[in-house]
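Trainee: The primary structure of each chain is shown beneath.
Protein chains: 2
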Amino acid sequence: MTSNTTNEIDIVRASTSKIDAVDFENLTFGNIFTDHMLICDYKNGAWEKPLIKPYEPFLIDPSAKVFHYGQAIFEGMKAYKDENDAVWLFRPDENHKRFNHSAKRLAMPEIPEEIFINGLHEILKIEKDWVKKGKGNSLYIRPFMIAIGTGVIAQPSTQYRFMIILSPARSYYSGEVKVIIAEHYSRAANGGIGAAKAAGNYSAQFYPTKLANEKGFQQIIWTDDATHTKLEEAGTMNLFFRIKDTLYTAPTSERILDGVTRKSLIEIAKKEGIAVEVRSVLVSELIEASKDGSLMEIFGAGTAAVVNPVVGFSYQDTYYELPKLENSFALLLKEKLTNIQYKIDDDTFGWTVKVK
Amino acid sequence: MTSNTTNEIDIVRASTSKIDAVDFENLTFGNIFTDHMLICDYKNGAWEKPLIKPYEPFLIDPSAKVFHYGQAIFEGMKAYKDENDAVWLFRPDENHKRFNHSAKRLAMPEIPEEIFINGLHEILKIEKDWVKKGKGNSLYIRPFMIAIGTGVIAQPSTQYRFMIILSPARSYYSGEVKVIIAEHYSRAANGGIGAAKAAGNYSAQFYPTKLANEKGFQQIIWTDDATHTKLEEAGTMNLFFRIKDTLYTAPTSERILDGVTRKSLIEIAKKEGIAVEVRSVLVSELIEASKDGSLMEIFGAGTAAVVNPVVGFSYQDTYYELPKLENSFALLLKEKLTNIQYKIDDDTFGWTVKVK
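Residue numbers (numbering that gives the first Met the number 0), protein chains in the order written: chain A, 0 to 355; chain B, 0 to 355.
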């Protein structure tokens with residue numbers, strides 16, 4: 000291992016790289032990590048100097064509050080490589096902003112730009128060989144923060160650890176996606192933490208998703224927990240519904256995550272002359288539109304999945320199939336978005352950020 | 000360190016004890032841990048042999064699912080010492096049952112009695128000197144389970160770690176408890192995980208509680224998230240309301256934890272001839288009862304706090320003070336319950352279990 004230090008970050012390099020052992024053509028999402036990770040601890044009311052070091056397990060106390068009270072938040076981002084071997088981030092400021100929004104809601108300290116954004120640049124410079132060229136290839140980036148302070152009293156921690164780990168990726172979902180509309184279980188409460196990318200929001204979905212999987216559905220379309228009449232999001236994706244030639248997506252709220260892919264697709268759609276309405280869509284509207292043939296598409300939008308078309312949905316034990324379209328908005332928007340991300344098309348929105 | 004093995008558990012003893020350094024008269028809740036911990040891992044679809052070993056930090060991968068998706072559950076229990084130096088558990092079967100209920104809801108493996116209950120007995124035998132005699136003294140027991148499997152894909156882990164750690168305790172709360180009734184934030188969704196002792200339920204309350212603290216209130220009385228009209232629980236305690244001479248407590252539900260102290264107090268109250276009604280109490284009823292003088296008491300009930308009387312509550316920026324009573328049900332029930340737990344009174348309910 001060799002050590003060096005930038006102005007803001009200490010760096011301890013791995014003596015060897017694992018990269019040659021990785022089969023980049025056959026990656027399972029989120030299972031393999033690059034050679035390095037970034038660690039930055041928060042103690043005594045301040046963030047310490049970040050450290051980039053070899054990826055490895057770390058020691059933690061059994062009474063660390065993350066284990067008992069779930070103070071844990073994360074972000075999902077990707078880095079892309081263009082044809083000239085430059086590495087690009089997509090709207091990292093949005094992830095940073097949302098990370099701090101999550102932090103506030105979980106009573107955790109916000110993290111400054113110097114650590115979050117500069118940390119991303121520094122670790123991506125070191126790991127640039129892990130970002131492979133070609134559409135569909137990316138380096139998935141997982142910034143996260145956990146409470147490492149000790150003690151089994153239900154109070155916020157005073158010590159935290161921010162980390163960035165990186166995992167080479169191809170695509171998140173495969174195969175046809177059938178979804179089921181939630182009639183009993185739910186993802187988020189009014190006045191709850193649904194808008195935060197909090198760890199606890201995900202494990203809460205595992206059991207209902209397992210039940211859905213057993214019925215042959217890959218994902219759940221969550222509805223509002225009070226009435227189960229409004230379509231909300233899919234847990235790891237925001238949702239778009241195309242009725243005739245208008246796209247509908249639920250407004251973000253305390254129950255719905257403010258997805259970066261979602262908001263980017265809305266802007267791209269508008270630029271492409273597609274009508275977009277940001278409003279709650281009722282389950283009853285969806286059923287009616289499916290019955291009268293005006294429901295054209297449903298698709299999910301998220302960093303991991305990018306755009307994920309749905310082939311059909313179930314509600315009250317009836318399965319509704321979606322038409323197979325020539326001119327899919329989902330595929331058009333995915334093409335436009337990924338062309339921006341991979342620097343194939345001009346980024347007229349100013350969303351892409353080159354790794355320094 | 001010396002090693003030995005029971006039939007079911009491997010034991011590695013600490014070479015020295017920390018106990019002499021502990022000031023048992025001045026304990027802060029949940030900050031100090033005993034010499035040993037129990038660890039039991041779940042891999043390849045099965046629980047491995049449990050190990051009792053010195054309490055210490057352990058290694059975990061940065062991509063462990065507990066950090067990213069919050070698969071983490073726990074229990075809170077206490078051990079008590081009687082005047083003959085015997086150590087007692089209180090209704091451990093209830094905690095075991097609830098632990099497995101939580102596990103199921105979080106898509107985690109259930110844990111067999113041989114590990115949960117026998118593990119408690121074995122570690123308490125080793126740590127019996129940490130259980131101090133005298134009412135108010137106890138050894139707080141924290142069984143918990145975390146997902147240690149790796150990978151940043153939002154799916155249940157295949158590997159888990161069950162642990163038991165122990166912390167000497169006196170009492171959880173001190174001073175007068177003023178509470179505020181939730182009007183915006185909430186603890187649990189319909190169809191959510193509010194009935195599970197899931198880590199994510201607790202961090203979700205930290206920020207609203209911080210806001211309450213800043214206004215001079217120690218706790219929040221959570222209401223239903225849809226209408227904020229029904230009184231539910233206090234996050235780490237179930238709630239009892241005494242109007243005239245009847246005690247009311249909300250029925251357990253998907254949103255409300257099935258507290259062991261709560262259900263024990265209901266039975267004790269009935270035995271004492273106190274009328275108990277298990278039904279939702281409306282905020283409006285509480286306000287009305289306070290105004291007409293029929294609201295006599297509010298108190299919380301939980302393992303850590305035992306019984307926690309409330310001196311007043313705030314709703315819509317109005318503060319309602321509770322009367323100071325001679326014949327408090329809260330204090331009567333606390334006395335009766337702790338007399339059973341400390342083996343001062345006969346345990347006619349069959350709740351206490353002697354550590355073998």
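Warning: the hint list may mix true and false statements.
If several chains are the same, the list does not tell them apart, and a pair holds so long as it fits within one copy or across any two.
[Stated by the list, open to error] DSS-like, lysine-lysine: derived pairs with alpha carbons at most 25 Å apart:
| # | residue 1 | residue 2 |
| --- | --- | --- |
| 1 | K127 | K229 |
| 2 | K103 | K214 |
| 3 | K323 | K132 |
| 4 | K96 | K209 |
Calculated directly from the structure, the hints in this document are not laboratory data.
Trainee: Would you pick out the hints that fail for this structure and give their numbers low to high?
Mentor: 1 and 3
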